[in-house]
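Spelled out, the chains give:
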Amino acid sequence: MVTVRLPLLILSCAALVAGLTGAAHVPPAARASAAQAPSCGAPYRIERTLPGGAAWRLCWEMRTIEGLTLADVVYTPVGGAPISVLRSTALAQIHVPYDSGEPRFHDIGTLGENAVVLQEADCPGGERRERFVCVTVRPRGHAYLKPRPGEPNLSAQGSELVVYAAFEIGWYTYLVEWAFSDDGAITPRVGATGSLSGFTAAPEYGWPTKRGSTHVEQSHSHNVFWRLDFDVAGRGGDIVEQYDFTGSGTARRALGRKVLDKETAAVNRRTRWWRVADSETRNADGHRVSWEIGNSDSAEYRGPDDEAFTRADLYVSQYRDCERLATVNPAPDCAQSVDRYVNDERLTDPVVWVGVSYHHVARDEDADPMPTHWQGFRITPRDVTAENPR
Amino acid sequence: MGRGRTAAIAGAAALAGSLFLLGGGESPQAAGAPARSPLPGDPLTGEEITRAEQIASATLRAHMTSGRVEFLYVERDDDKAAADRRRADAYIYDYGANRLIVRTVDLGSGRVVAERAGKGVQAPPSRGEEARAAELLLADRRHGRAVRAAYAGAAGRALRSPAELGLRALIFSPRPKDRTARECASHRCVRLLVRLPDGTWLNTTRTVVDLSAKKILTLEW
Chain A
271 MVTVRLPLLI LSCAALVAGL TGAAHVPPAA RASAAQAPSC GAPYRIERTL PGGAAWRLCW
331 EMRTIEGLTL ADVVYTPVGG APISVLRSTA LAQIHVPYDS GEPRFHDIGT LGENAVVLQE
391 ADCPGGERRE RFVCVTVRPR GHAYLKPRPG EPNLSAQGSE LVVYAAFEIG WYTYLVEWAF
451 SDDGAITPRV GATGSLSGFT AAPEYGWPTK RGSTHVEQSH SHNVFWRLDF DVAGRGGDIV
511 EQYDFTGSGT ARRALGRKVL DKETAAVNRR TRWWRVADSE TRNADGHRVS WEIGNSDSAE
571 YRGPDDEAFT RADLYVSQYR DCERLATVNP APDCAQSVDR YVNDERLTDP VVWVGVSYHH
631 VARDEDADPM PTHWQGFRIT PRDVTAENPR
Chain B
173 MGRGRTAAIA GAAALAGSLF LLGGGESPQA AGAPARSPLP GDPLTGEEIT RAEQIASATL
233 RAHMTSGRVE FLYVERDDDK AAADRRRADA YIYDYGANRL IVRTVDLGSG RVVAERAGKG
293 VQAPPSRGEE ARAAELLLAD RRHGRAVRAA YAGAAGRALR SPAELGLRAL IFSPRPKDRT
353 ARECASHRCV RLLVRLPDGT WLNTTRTVVD LSAKKILTLE W
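Taken in order, these protein sequences are the chains called A and B. Position 314 (the first sequence) corresponds to 584 in this note's numbering; numbering is contiguous. Position 87 (the second sequence) corresponds to 259 in this note's numbering; numbering is contiguous.
It should be emphasised that the hints constitute simulated quantities derived from the structure, not laboratory data. Remember, it's a predicted structure, so these values are computed and weren't measured experimentally. We put the beta carbon where it would ideally sit given N, CA and C, even for glycine. This list has only true hints and no planted wrong ones.
Calculated lysine to aspartate or glutamate pairs in the DMTMM-like style (CA-CA distance at most 20 Å, straight line):
1. B:Lys252 <-> A:Asp591
2. B:Lys349 <-> A:Asp576
3. B:Lys386 <-> B:Glu307
4. B:Lys252 <-> A:Asp499
5. B:Lys349 <-> A:Asp369
6. B:Lys349 <-> A:Asp575
7. B:Lys252 <-> A:Asp603
8. B:Lys252 <-> A:Asp619
Here chain A is said to cover these stretches of chain B; the calculated rule only asks that three of the stretch's residues, wherever they fall, bring their Cβ under 8 Å from a Cβ of chain A:
9. 209-217
10. 293-306
11. 333-345
Starting from the given sequences, assemble the full structure and let the hints guide the process.
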């Protein structure tokens with residue numbers, strides 16, 4: 271496989287290099303995105319080549335309100351050229367309603383002020399950046415395994431670059447993490463640990479913990495929202511599509527594609543997924559490069575009328591710099607919650623908001639320190655490379 | 173997973189969260205002065221944060237001294253239309269008019285280049301507001317007594333200052349049924365989470381501190 275690494279390539283010589291290497295899987299727009307220098311320097315720049323040869327590059331920032339924020343995320347597949355994925359991503363809210371109806375929290379305050387100082391043991395095998403951020407690499411199991419007659423198995427172990435920070439918000443410690451896999455996938459997730467709140471409730475709203483049945487720990491949801499400003503294959507040209515598969519109780523299932531050309535609030539369905547594609551850039555097979563968003567693991571919390579932001583699982587809004595949080599948005603002259611960002615406006619620069627719910631019914635094992643429970647979703651490359659990038 | 177290590181981690185967190193140990197330049201979101209000019213995507217440096225605060229509040233000094241206007245904090249401006257410039261958003265609250273003001277400072281020119289202001293919209297509480305909410309809670313006869321008793325139980329001695337409490341405040345926005353806190357729709361109201369020295373948190377979920385009216389409210393549910 272030809273290895274093409276063009277981190278500093280300027281556009282004018284791109285065509286020449288493509289001609290010399292015959293690397294048809296290095297499309298012009300991808301080269302343009304690769305030519306952009308990172309917007310940050312040390313120690314805020316993360317550049318890591320994973321054991322299999324794939325690489326990721328990004329910037330991090332601990333923002334006062336949103337906490338750990340990642341920017342200018344660029345993926346380089348094995349043997350391929352750098353291609354940008356995200357301009358920025360951060361948490362946009364952690365909404366915590368309790369099952370009896372009260373209390374209900376919006377846990378993003380000044381998240382950056384509540385970052386936990388990580389000890390060496392909290393960042394195994396990695397490096398701590400400015401005490402609050404861990405950058406490490408960990409194995410992710412089999413990348414593939416294929417038996418071959420008369421030959422050793424064709425197999426490889428995958429790995430991922432992980433960037434995370436921890437935040438102490440009252441009883442909870444939230445682990446806020448993004449994993450960047452050697453196959454081009456991104457897994458944003460949040461783990462809740464620390465302590466249970468100890469809020470009690472009538473038996474129908476909780477589960478008895480501690481000895482006997484007098485302490486009924488109240489059940490609750492963690493509704494986590496992420497804001498994702500994609501920049502697939504360079505700035506501009508991002509389009510969002512929604513895929514569904516018809517047929518229930520039938521032998522056939524037909525693929526249905528819908529271009530989301532206007533701001534949209536979408537709900538999950540078992541086989542529904544979305545993708546953000548670049549309108550110009552194609553891989554060597556002639557297919558549009560894209561990253562796919564799957565969100566089927568959510569408990570899909572739906573709240574009362576005054577919490578309309580819980581009525582959908584994925585929102586697509588036109589970029590507006592004042593729209594940062596999914597609820598309690600701290601910006602005058604701007605809408606206050608993600609459901610209000612969606613107004614049928616035509617999309618030319620889409621921002622994706624993903625909500626994932628986790629319903630926590632406490633158990634005895636959740637006694638202090640509460641074991642971490644995780645929630646998140648997957649962003650997977652679709653047709654970024656023309657074959658398995660290995 | 174030994175208990176000792178867990179306790180050490182919790183201790184470090186308490187240290188980081190302590191009110192007086194983290195000044196502006198050392199807070200997590202402030203870049204620790206690299207020996208180079210910051211690139212456009214770098215976090216604000218401690219010097220930039222201080223300068224942005226001074227520029228943004230230059231016309232408000234009298235109101236800040238009188239306590240009518242309060243400077244909250246600075247966030248790096250992330251408007252991608254100005255991604256090549258070093259800009260900072262200064263968050264300011266005008267308690268006199270119950271109005272949030274966000275001033276965008278261009279650190280290159282040293283000028284305020286944009287201002288957005290509005291009522292009924294809230295930015296997260298600042299460290300200073302957390303401390304003031306704790307003072308109001310302690311000054312309230314019923315709540316103050318309860319907090320002091322819980323502190324004495326956890327620490328084995330009396331509370332000397334609000335700074336001895338671990339504090340986290342979150343904006344409280346009233347829901348339609350919160351009749352006792354209806355004014356919080358236009359006032360600046362917070363829920364105050366209070367951590368005791370034994371690592372436990374007080375149950376203050378029914379308690380709301382109205383910073384605008386300097387009142388303690390109790391939610392009815």
